[in-house]
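Given the structure of chain A, go ahead and fit chain B onto it with the hints provided.
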Amino acid sequence: MVLKAFFPTCCAAADSGLLVGRWVPEQSSAVVLAVVHFPFIPSQVKEFLAQVQQTSQVGVAVLGTWCHRRQEPEDNLGHFLEGLSAIFSHEPWLQLCREKGSTFWSCKATRWQGSTSPGAPSEDQVMIVFYDQRKVLLSQLHPPAILPDQETGDAAAGAVGLAAVFHTVARSEVLFRSDRFDEGPVRLSHWQSDGVEASILVELAKWASGPICLLLASLLSLVSAVSACWLFKLWPLPFIWSKLSTCEQLRYRLEQLTLIFSPQKAENPSQRMRKANMCVSVLLDVALGLTLLSWLHGKGRIEQLADALVPVADRVAEELQHLLQWLMGAPAGLKMNRALDQVLGRFFLYHIHLWISYIHLMSPFIERIVWHVGLSACLGLTVSLSILSDIIALLTFHIYCFYVYGARLYCLKICGLSSLWRLFRGKKWNVLRQRVDSCSYDLDQLFIGTLLFTILVFLLPTTALYYLVFTLLRLLVITVQGLIHLLVDLINSLPLYALGLRLCRPYRLAAGVKFRVLEQEAGRPLRLLMQINPLSYGRVVHTYRLPRYGCHPTHSWGSLCRKLFFGELIYPWRQREDKQD
Amino acid sequence: MENEQSFSDICGGRLALQRRYYSPSCREFCLSSPRLSLRSLTVVTSTVWLAAYGLFTVCENSVVLSAAIFITLLGLLGYLHFVKIDQETLLIIDSLGIQMTSSYASGKESTTFIEMDKVKDVIINEAIYMQKVIYYLCILLKDPVEPHEISQVVPVFQSAKPRLDCLIEVYRSCQEILAHQKAPSTSPQAHQKAPSTSPSIQKASIVSRGK
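Chains as they are written, first to last, in numbering that gives the first Met the number 0: chain A, 0 to 580; chain B, 0 to 210.
No lab work stands behind these hints, which were simulated from the structure alone. A few of these clues could be false.
Here are the simulated SDA-like pairs of lysine to any residue, each with C-alpha atoms no more than 20 Å apart in a straight line [said to hold, decoys possible]:
id, chain 1, residue 1, chain 2, residue 2
1, A, LYS107, B, SER22
2, B, LYS107, A, TYR536
3, B, LYS107, A, VAL539
4, B, LYS141, B, SER94
5, B, LYS117, A, ALA162
6, A, LYS513, B, VAL118
7, A, LYS274, A, LYS107
8, B, LYS107, B, ALA126
9, A, LYS513, B, GLU27
10, A, LYS513, B, PHE112
11, A, LYS107, B, SER94
12, B, LYS181, A, GLY160
13, B, LYS107, A, ARG314
14, B, LYS117, A, PRO143
15, A, LYS134, B, THR110
For clarity, every value in this text was computed on a predicted model and none was experimentally measured.
Isolated chain A, as found in the complex:
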């Protein structure tokens, strides 16, 4: 196999010295991590490397020599470098050399063992692959090459292929801590050798985050203890809480905040990313909410909104009355059964009358309520949208009631019709065996059954029409609520931090690597540049999407149509927790 030497781009301008890194025999690749400069004492270098090996669990060793000829060719340096192979024995021994003013390098890899002629070394073909050490150190491969539970022990052997290079560089951070201003025994050259960079703000934030996290965590635990109080578990309060989407949203946000401000540090990168995503999502939510708040409270919009609310509800009720009058006449030219029509129509009209009176009763308090609800926007835009969805549900409660009445009536009719149809054919439903069996009926049973069947069949169009109209209205309301919930879900689950990272620092989220062939010259070793191939935006969203609380329809189109046909009630907002209980 061709020997691959992974060389950091930052060391290409370094002075001559020893190459320090890790040798991966399975892929025949040498990952160079740093260059040790003259003067050095070999025993101190060996001691330093043993320390690094113990701390980082990476098999760091001296791989060869690096020669950077700045002035005229120095022959004595060449001989000196060759003599070093006797002191630091390594199979194979790399010798990289760069001439002054030349972009082409020369490289030799000699092996003493396993060569065909004993006493003479065998040379391997070498390929030099340049890599940016800082980017490779900071990037994360997707999918991760090493699972988190394999981190202990010599886990560096677990990574296969090019992931081994990433893993080696990432685990050798202790090697990069010493820079050229240190007074240590060994002088190294790597990406941080010009001095470790740090930001004062970041350090201050890290120092301050400890007490702040503790304080906020205790506050949040207090809030959750209060909400878990027995007072809130008295019926019918839990029933109401489960129906309101605002409570779900608040609970979700509380869980997220508890996770963000928990005093424990995140163990692995995916937990860190999740925390960061949640944090950014909450901040964006609050920012959008405050924008909405400032917009609402300016220029007297609250009064406009409150003044518009009651007439809108009146208008909706008036339209419903017109609709019912239309149904009570001859809707679309269909002839209804007069008596049933009048009964149903008057029943529903009375309901609307009750509803209008209720709205008018509430009208003096509407402005105060809207003002207080508007304040909730400071908790976040998602909370305001959930409240809007709940208000729509409350204002269209009469449509929901009509839908339930119409659906129950229609369902009863369909059940009756199907049972009497079986009687008409001389069959009956066997409850024990759960199938249709033949049955001999008496004459009077048949007579009454047929009469009832006829009555129900002729009353079917009227009931079906009322059911159809109210189901359509209910579906319209559900669609509007569904769109609002979709928007809330989007804000909740979009991983904004990960997307921002992909936009600004694409090398942090790596899907793989890509190679570029650098200028070539015949007879010289092949030179390649290894760059990081960033993850695509779709994969980023898919990998880092935050878990939603699952407020989406749980049935497919087929079962929905079936339920509509048989008049069963549709509950679109079945929560996931109900399903698991």
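Chain B alone, transformed into the frame defined by chain A:
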């Protein structure tokens, strides 16, 4: 060493294959499609604008015209950035892997790199594409669990779709490099592909999905 040759694709269009031999262990094949022609662009734009103008004379709303301009611009940008592939490159490096790059007309490049450990072989396969039966070059990937099983077939030059003569050239060069990888290994491989004068063409048992 560079070499340029002209071939044709399955529809009869002109393709240019550029071969670069960087070293005995590294070769690159670059297939360039013809660029976006001014004629087709003019035809499409005029059609859209004539239709928009016709709609404008019917409904007397100038929003239709601005919408048509907007749609044309966005459509052109989207086409150049997401659809039109100008050049496809295959870079094969011995003992490192195979890299496929597609360059779009807007300059965007999308790269995929497959490590040599995962590559089982490079073959020419047959497929049914619309009403034709075409040949395409593909890379077979090993199954991580079963080393003798194939887990995935990755087609190469999907947008250029060159004909068999071009594929044979690329196939021969790839096999020369893959032979280095297989020669020193002691375990016998299931399919030994020595570079031969007539390439072994495997009949496809799968129906191609088109693109």
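Here is how each hint holds up against the structure:
1. A:LYS107 <-> B:SER22: Measuring from Cα to Cα gives roughly 16 Å; hence the hint holds.
2. B:LYS107 <-> A:TYR536: Distance ~14 Å between B:LYS107 and A:TYR536 Cα, so the pair holds.
3. B:LYS107 <-> A:VAL539: Distance ~19 Å between B:LYS107 and A:VAL539 Cα, so the pair holds.
4. B:LYS141 <-> B:SER94: holds (15 Å)
5. B:LYS117 <-> A:ALA162: holds (13 Å)
6. A:LYS513 <-> B:VAL118: Roughly 16 Å separates the two Cα atoms, so the pair holds.
7. A:LYS274 <-> A:LYS107: violated (48 Å)
8. B:LYS107 <-> B:ALA126: Answer violated: B:LYS107 to B:ALA126 is near 29 Å, above 20 Å.
9. A:LYS513 <-> B:GLU27: holds (14 Å)
10. A:LYS513 <-> B:PHE112: holds (6 Å)
11. A:LYS107 <-> B:SER94: Satisfied, since the Cα-Cα distance of roughly 18 Å is no more than 20 Å.
12. B:LYS181 <-> A:GLY160: With Cα atoms ~17 Å apart, B:LYS181 and A:GLY160 stay inside 20 Å; holds.
13. B:LYS107 <-> A:ARG314: Violated. B:LYS107 to A:ARG314 sits at ~55 Å, over the 20 Å cutoff.
14. B:LYS117 <-> A:PRO143: Holds. B:LYS117 to A:PRO143 sits at ~17 Å (cutoff 20 Å).
15. A:LYS134 <-> B:THR110: Given that 20 Å is the threshold and the Cα spacing comes to 18 Å, the pair holds.
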